[in-house]
Amino acid sequence: MARIDYEDDDTDADDASPGWRRRLVTWTLALVALGLGFLIPYTLYLNNQVSERFGALQWQVPTRVYARPLLLTPGLAMNARTLKTELDAAGYREGDGVRAGTYVDDGGRWTIASRGFRDVDGVVAPSRVQLTLSGGRVTDLRDADGGRREAARMDPARIATLYGQRQEERRLVRVQEVPALLTDTLQAVEDRDFAHHHGIDLSGMARAALVNLRAGEARQGASTLTQQLARSGLLGIGREQTWTRKLNEILYALIIEARYGKEAILEAYLNQVYLGQRGAQAIHGVAAGAEFWFGRRIDDLETEQVALLVGIIRGPSYYDPRRQPERAKARRDFVLANMLRTGLIDQAEHDRALAQPLGITDTPGNIAANRFPAYVDLIRHQLAHDYPTGALQGAGLTVMSAMSPSAQAYAEGAVTRTLDELSTGKRPPLQAGLVLTDVHDGEVIAAVGSRNPVEHGFNRAIEAHRPVGSLLKPFVYLIALGDPSRYSLASWVDDSPVDITLANGKRWSPGNADGRSHGTVRLIDALARSYNQATVRIGMDVGPGALADLVHMLISVRVDANPSLILGSMDQSPYAMAQLYQFLASGGEVQILHTVRGVLDAQGRVVNRYDHTPKAATRSDALAARIVTIGLQHAVSSGTGRQLINDGLGRLNAAGKTGTSNDGRDSWFAGWTGDHLAVVWVGNDQNESTGLQGATGAMRVWSGLFARLPSAPLDVGSEGLEWQWVVQSSSSDADCPDARRFAFAQGYAPPYRSCRYQPGQDTFVDADGNLVDATGAPVQQARRGWREWFGFGRRDEDAAASEPEPPPPPPPPAEEPR
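Numbering-wise, the numbering used here puts 685 at position 688 of the sequence shown, and it's gapless, one number per residue.
If you are wondering where the hints come from, they were derived from the structure by calculation, not from laboratory data. Computed from a prediction, not measured in an experiment: that's the story for all the values here. Using N, Cα and C, we set each Cβ at its ideal position, and we do this for glycine too. Honestly, I wouldn't trust all of these hints.
Claimed, not checked - The calculated label-pair distances, taken between Cβ atoms and stated as ranges, are:
#1 GLY454 <-> ASP137: 39 to 47 Å
#2 GLU418 <-> GLU716: 38 to 46 Å
#3 ALA599 <-> GLY133: 47 to 55 Å
#4 GLY601 <-> ASP343: 52 to 60 Å
#5 GLU716 <-> ASP644: 24 to 32 Å
#6 GLU716 <-> GLY601: 19 to 27 Å
#7 GLY422 <-> ASP712: 42 to 50 Å
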């Protein structure tokens, strides 16, 4: 029984075993089917994600703003300090002058190897030039092989970055643009079998585990470049250490490898890899990383810098060379050893690189979001018509501006130093606004909007509208001198007390700043010394309406044509006054001030170009502008701006005008040279009295700027002008007592009358010993030589006397009406 029972039991067990096996197979198949049922649709979903995100390769690339390319020409005003400032701002470094982006100064003879770039007029090829600096000028410019050059353009400095919603710093590059040493080192360290695997590398995982086991620490990763790319954020995979994340990473890597070639994958990695953080800005891509850590372009990196850049990919925070230099050096040296072992460098180069310092910049290189807020504000204003608010942010555009890095640095320094010197316990907090332009084309090359130039917010260069005071006076004289038949610099004007009845019946009796009247004075002196009473008389003669119309023509602003406008009763910004004075500084051209030269798209194609053609004024107005300039040169040499001569700036022959509002609340100065115009305002945001005049406040900032800024002397030129010595109201001789030399519109100098002539005399001897009549015209000599006593030569004289007199010279051409 028992055996039967056992047999029954065995039979039951045998019967049960196939059942369990069947169930196990069924469950397994069911799980496989379930997994496939889930995995296939999920894989299809991931494939779709790859198509949308990776396939499009759409990164948010910031818009970059660049300074103007430094244009070097023979004769250019330039000194060593300024040239070095320009080159350093553009990321050049001292070197051999052979490798792109390097320069060498050999006792005033510079060799510069420029890098190619895209400008608004096309591609500018790399070049090597040699130039000589002497006497504050470029005296010689040649190719490196010795051939003379007329001009050379250096690639520009990056001055601002306009980010989008994501604060990501990235510069897109093609694989071909990345040095082979970097890509080879990247693969040697991060993914040695990149060229052969299909997304995951099982042998690499085993090799990494062995290396890490021997080192006792994680020295080598097991993820391929494709896997790293998948989890870099491009495809939305997090970095948390979970099985789900790892599965997604592997699936993404397999899909990417199946769909795209190795070159496309490597290029995406080079542009996406995370390489550091600066505040809210994440640094992505090897090109941005090279700028961030070394202040260099990617093709300028040395071997040791390539090793460090590749090395910190493993952990940009952990191996941060600024915060953890010892860790960073150890990691760099490990990569250098790997480069030697794989044959990428030889022993000599390895030893050289190993001995070098980390070579990073003290501060993150050339990627500041906006280091020049006042200037970038001007850029935004100019582009507002073509690019609505926010359209520039993260658009991947390149904005080519007109800013000069050296001029901007000098302007900022002048504002900061001067206001620090002027600040005392008795004065309210001082602020300033400054606009610096190129007188040749109206480009704004520098702007300062605050005592702290990097401060964002209220931009006094364009937003501080303050009473301009005497800064408007030269335009009263401009209108008057536009009629040379009535006014010249030599005209006599009345500076006695003046009393004007206004439209409302009230009386207006402005006095001079010194509280005195000066009687009858030359017009040039009334302008140079800023006499209010004389200016009001001239202004009332030409009419306040004409002044209001001139202001509207030059800066498109409507102002009331009240008599007080003659003395500057209008509120304007430094930028607006720079636009007004640009007419004088340019020699009588209507030049629209501008900061942007052009905009390029992400492919370097020009999408907007801003060429500003000057508008010529009438001949009489342009000539009047030059004559006013001569008058304002006199203001600097012996008038309200004479302190500039004491400051050592007489070499510039500058023209300038001071301005002060009531109670010393606003201090102004507008001055220009042969190359540059600068308008400066100094005051207090609360409209409190500063106790400063134009000459003691704003002009000191101007002086501090032009003491450093290379600029050509101002030469008004002689075209359309004639210079005459004048006594009283007549042209006369240079050696006459009280004679002064004045410039007149050609044909409008006063009649000649010698100071040696006395009433009642028919003839007299002039300074050269010639017998002349009362008008100074030569007459027949009273003494004769021996030939004349015997009749020789008389026939020729008689014949000449019988010839008809030549016709008188034609009258001067009629001036165009205003």
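For each hint, the structure was consulted:
no. : hint                          : verdict
1   : GLY454 <-> ASP137: 39 to 47 Å : 46 Å, holds
2   : GLU418 <-> GLU716: 38 to 46 Å : 42 Å, holds
3   : ALA599 <-> GLY133: 47 to 55 Å : 41 Å, violated
4   : GLY601 <-> ASP343: 52 to 60 Å : 37 Å, violated
5   : GLU716 <-> ASP644: 24 to 32 Å : 31 Å, holds
6   : GLU716 <-> GLY601: 19 to 27 Å : 42 Å, violated
7   : GLY422 <-> ASP712: 42 to 50 Å : 45 Å, holds
Consistency note: the structure conflicts with the earlier hints numbered 3, 4, 6.
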